[in-house]
Amino acid sequence: MLDYLIYLLTFVIGSIAGLVYSYKLHGEPFVADSKLNISYCIISIIGWVLGFNSGNMIIGGAGFVMAGFVMGSRPGYGRKESAVGLIIAVLIYLLLHLTL
Amino acid sequence: MADILINVIIAFLAGSLLLGLHRKIMARVQKRPGPPVIQHLLHSLKFFFKETAFPKTVSMPFYIGIVFILAAVWIVGVIVGPVTKGSLLILFGVYAVYKIVEHNAGSSSGSPYGKASCVRAVLSAATELPLFAAVVLVYLKTGSMNISSIIAYQSVNGPLILSIPLAAVMFFILLLSKSPYSPFGITKDKALISGFETEHFGLLRGYIMFAESISWYVMMWLFLTIFFPPLSAAGYLIGMLVITFITAFINATTPILNPNHSVMTQITLGAVCFIGTLIMIFI
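Taken in order, these protein sequences are the chains called U and A. Take the first sequence: its letters are residues 1 to 100, numbered as in our numbering. Take the second sequence: its letters are residues 1 to 283, numbered as in our numbering.
Any given hint could be a false lead.
[Unchecked claim] Here are the simulated DMTMM-like pairs of lysine to aspartate or glutamate, each with C-alpha atoms no more than 25 Å apart in a straight line:
id : chain 1 : residue 1 : chain 2 : residue 2
1  : A       : Lys99     : A       : Glu128
2  : A       : Lys50     : A       : Glu128
3  : A       : Lys85     : U       : Glu28
4  : A       : Lys85     : A       : Glu128
5  : A       : Lys31     : U       : Glu28
6  : A       : Lys31     : U       : Asp33
7  : A       : Lys31     : A       : Glu128
8  : A       : Lys188    : A       : Glu51
9  : A       : Lys46     : A       : Asp189
[What the hints assert, rightly or not] If you want the ones that stay clear, here's a sample from chain A, every Cβ over 12 Å from chain U, calculated:
id : residue
10 : Phe12
11 : Ser16
12 : Thr57
13 : Gly65
14 : Ala72
15 : Phe132
16 : Val136
17 : Asn157
18 : Ile193
19 : Ile246
[To be verified] Heads up, incomplete: computed chain U residues facing chain A, CB under 7 Å, no partners named:
id : residue
20 : Met1
21 : Leu5
22 : Ile6
23 : Ser15
24 : Pro75
25 : Gly76
Hints were generated in silico from the structure; no laboratory data involved. Fair warning: this is a prediction, and the values are worked out from it, not measured in the lab. All residues carry an ideal CB built from backbone N, CA and C; glycine is no exception.
This is chain U alone, in the form it adopts within the complex (with noise of 0.2 Å):
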């Protein structure tokens, strides 16, 4: 179970930062920008992909603290970063997984 608590608490960490870092960028009083940031979609990916699937207690919680910086951002940004992601993360643990 402790490798679960350690990819809960990367996530935590790495959304409480996401959250901070997003609202450093962005002090508008409305969504300014919901075009897709490449950087942050690029982030996602690596975070999602190892989170998911690196098998390793230490390599998945560095990718969950990139997912969960992504995902944690302020309400209104990082969602389709969030989602293009997790789609990906989850297509290559399908295909790692699933023997067909």
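Given chain U, put chain A in place with the hints provided.
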């Protein structure tokens, strides 16, 4: 001991994140951006560091003690459930004590809102009837109250959701009544401000939120464990996400019922499902 500690922290973190997701989904259904998923956890942690005030009308030491009993009750729930996979009867007892605590937290506060919530907590004990009926039906089907034995039964005979689906519906109604902003959540009706929690501030509210997060996790874990085949961690995660999504969608689109309607709806659904399941088992 380490296993208990790890499981309690997991229950708190996972429960908080799922309750945060619950709020987020409700907001999105209502076309609002909603708070970040982590907001419920941040709120819980924030309350642990806020100043605690004690209203003059409270009955000490009950007012303080009841909060710690609430947290202790759900820690017992984690120990009996995910840690030891013990008896369903103890978990039923945990839920019964939770209802008593809800009642007494309201009555000890001295606030009219807390007292009204306390009276409604007695009415909302109706949710225990579907839970008790579901436990009885699971026993009739599997011949055991022990969660480990129920898991073993399902690995041989298939999941209980297929053989006694109406019992699962009853249990799901209990989950729905436990979820925030539920149509059955008469103790926390916004007409009563925050119900039995209205006069609990600071550290005391932190403990209440801690217990609520754990209870949400434990109840979902129990539902998934006794009605679905043995699940992996990913299975539990997906199951909890799906339940959170469904309850959030229902709560976002359903107004809160008045106390009489809430009780009658739950008892009626419980009775129909109980009789239906008995017919399925014996005929």
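Tested hints:
1. Lys99(A) with Glu128(A): Status holds; Cα separation ~9 Å.
2. Lys50(A) with Glu128(A): 34 Å, violated
3. Lys85(A) with Glu28(U): 49 Å, violated
4. Lys85(A) with Glu128(A): Holds, at about 21 Å.
5. Lys31(A) with Glu28(U): Status holds; Cα separation ~20 Å.
6. Lys31(A) with Asp33(U): 18 Å, holds
7. Lys31(A) with Glu128(A): Violated, at about 34 Å.
8. Lys188(A) with Glu51(A): 23 Å, holds
9. Lys46(A) with Asp189(A): 24 Å, holds
10. Phe12: 9 Å, violated
11. Ser16: Answer for Ser16(A): violated, closest chain U Cβ roughly 9 Å.
12. Thr57: The assertion about Thr57(A) holds, with a minimum of 37 Å to chain U.
13. Gly65: 30 Å, holds
14. Ala72: 21 Å, holds
15. Phe132: The claim holds: Phe132(A) sits with its nearest Cβ about 30 Å from chain U, beyond 12 Å.
16. Val136: Holds: least Cβ distance 31 Å, greater than 12 Å.
17. Asn157: Fine: 27 Å to the nearest Cβ keeps Asn157(A) off the interface.
18. Ile193: 25 Å, holds
19. Ile246: Ile246(A) clear of chain U: closest Cβ-Cβ about 19 Å, beyond 12 Å.
20. Met1: Holds: closest Cβ of chain A sits about 5 Å from Met1(U), inside 7 Å.
21. Leu5: Holds: closest Cβ of chain A sits about 5 Å from Leu5(U), inside 7 Å.
22. Ile6: 10 Å, violated
23. Ser15: Hint on Ser15(U): holds, closest Cβ of chain A at ~4 Å, below 7 Å.
24. Pro75: With a closest approach of 4 Å, the Pro75(U) hint holds.
25. Gly76: 5 Å, holds
In the structure shown, a violation is registered for the earlier hints numbered 2, 3, 7, 10, 11 and 22, in ascending order.
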